[in-house]
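Visitor: Sequence:
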Amino acid sequence: MSRTIRASGFALALLLLVPLQCAAATVAPHSLITARVDEAKRVTLQGNVRPEVARSRDLGVVADSLPMNHMQLLLQRSAEQAQALERLIDDLHDPQSTSFHQWLTAAQFGKTYGAAPEDIRTIGIWLQARGFRVNLVYPGATVIDFSGSAGAVRNAFHTEIHQFAAGGARHIANTSDPQIPAALAPAIKGIVSLHDFRPHAQYKRRPKYTFSDNNATEYFVTPADLATIYNFNPVFSQGIAGQGQTIALVEDTDIYSARDWSAFRNAFGLSGYSGKLLQLHPSPGGGASNCADPGINSADAEAILDAEWASAAAPGATIELAACADTNTTFGGLIAVQNLINGSAAPPAIISMSYGECEAYNGATANAAYAAAYQQAVAEGVSVFVSAGDEGAAGCDPNNNGAYNGIAVNGFASTPYNVAVGGTDFADTSSGANSTYWNVVNSSGYGSAKSYVPEIPWNNSCAGSIFLHYTANSIAYGSTGLCNSSMARQYAIDSTGGGSGGPSNCATGSPTFNSSNLISGPGSCRGTAKPSWQTGVVGLANDGVRDLPDVSLFAANGLWSHAYVVCYSDIANSGKSCAGAPSSWPAFGGTSFAAPIMAGVQALINQKAGARQGNPNIRYYRLAANEYGGSGNASCNSSNGNNVSAACIFYDVTQGDIVVNCFGFDCYGSTGTLNAFYYGVLSTSSATNSPAFSATTGWDFATGIGTVNVTNLVNGWSSQ
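Heads up: the sequence shown is residues -11 to 708, going by the working numbering.
Treat the hints as calculated values from the structure; they're not laboratory data. Among the clues, some could well be false.
Capping the alpha-carbon separation at 20 angstroms, the derived lysine to aspartate or glutamate pairs in EDC-like fashion look like this [said to hold, decoys possible]:
1. K518 / D531
2. K438 / E206
3. K177 / E68
4. K177 / D26
5. K518 / D82
6. K596 / D82
7. K518 / E74
8. K264 / D242
In this text the structure is predicted, and so the values were computed from the model without any measurement.
Using the sequences and the accompanying hints, generate a full structural model.
Guide: If you want it as structure tokens, here you go:
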């Protein structure tokens, strides 16, 4: 009886795939499951075991009865569908195409580019027969949400769920790559996650640096400074401030206090705009809700800084904090994204994500899941912005005192369907030019920036060339290098803090590990293929893979006396009262700021254009190719500072790097063992010092295209 009821519910879920109208030009889905399901004939889904499993203390198998709620099964479309979808996305962004901006609904997407209904039915019946409950099939027809127990997972996927002690906490995770019947494999990409290791927020608190000559004024960035430096004000003067636009910020917590957002806007003169703040827990289209309220937790700093600084960039826009609780198998942020793009209403035109996990740790199926979600979003006209990361070129080493796992990038940001937003710092302090760019006295809105300020890549590491030069050291690596000196420890700069970038190198497969279970080689890893739009800009690597970041904005957390001010009053989590002047508020940095600010810039673009725009990268790269030409544009070099050309859309950051200190893979100049060693510097070669990575003319791994002149970007958007 119970199976009959479940099957009926599943059949009802399939009805959700029937659209109200037909999608444009298409390849009809056809069944990929052609053989009888034989449990004895299985295939393994490679690259889906967390690296922590091998180096954590195994506390044993969990009880069979442990609930495994809201797992996600990622489905596979046919090769013909995949090719047709890519052609459609190209056409949706091509002004010469009859499909230009004819965005799809989730139902239309599923009807044409999702899995075949008969395959979904077959997979659903198999899941139910193995003891699972099918909660819903998303209208986009690429994901099945299902629940069960650890025992059912073991029996169905032939992998045990164990408990582990890792990083001072207890986690659960699968101990081996899952397996599925070979007959189902043509229609299944994989299980997105079978563990509760969570991604990290991409922000950093301002540490207490101890420079002997850093006791003077600190030039923290306020909304007025942001508007001056990146030239928002002329757009605001045109009456364009994001009115009528919605920015969805994907969070893992509720906001601590909406009063903080209001206090921020009041203090900085933004309350006169029509913007508003909403907290929502988005429901999916077509099934029981899988989005529980996460409540307020220790990630609430991320939520408030996203909300405040998206609003600083687009003070007239509606800011939606979209948060779903984590389950013990699935990150709540991914649930929120799926629900936003598959809801019964039209999705928000802009989504920003400030969380991350490197590709190798995220796993092959999770990497594919984010790519699939963003791909559907782009087909619906959604612009997706993702923080590139805060680890320099060492994406697998967040918050570490050095890189141990080699060059890596954020798997949440390395898809072809999102804008990866990197981070810069200002170059005035390191060059002794504070007075050129900052007033001694603040304006009524607490602004003190005089003009555009020259930029360098954000880099807190002792391996960075700017800091190396500033301290009059010649090398960073080896026994006599700066990174192995008492100075580096004193200044708290032996870290991986910095804006992230690099080539996608482990979107599929898995790396090899050494005896310490640190990455030691590429193994079967492969990067995401280079998108067709990532071309034409001088400096782009001819490497055949997706390269990060695309654009950058200021993201530093105080090494050179600059950071962002935030009203964050959760004292229990190191916040402060916002009762006083902003000078007493906490200061932060990170690409968590850069991504929602760029999302705010997109709201200005959408308002002026009168429509949603889909993937902004297609336009960014065309505009940059035109501006930089074949050899760069000297008048748009960021190092020109207040003499930079007023006509630039992008500021080309050409000095500095995102090189960090390291020991292990992709490391030059390190010696010793993990317990007694000398740091080297992250390099594309362990035999020669080939820094990973330096800023250069045009596009580079340190800052992408560069930073933006907002007014010129908004006004020049339709020129291509």
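Visitor: State for each hint whether it applies.
Guide: Structure-based check of all given hints:
no.	hint	result
1	K518 / D531	holds, 8 angstroms
2	K438 / E206	holds, 15 angstroms
3	K177 / E68	holds, 16 angstroms
4	K177 / D26	holds, 18 angstroms
5	K518 / D82	holds, 19 angstroms
6	K596 / D82	holds, 19 angstroms
7	K518 / E74	holds, 13 angstroms
8	K264 / D242	holds, 16 angstroms
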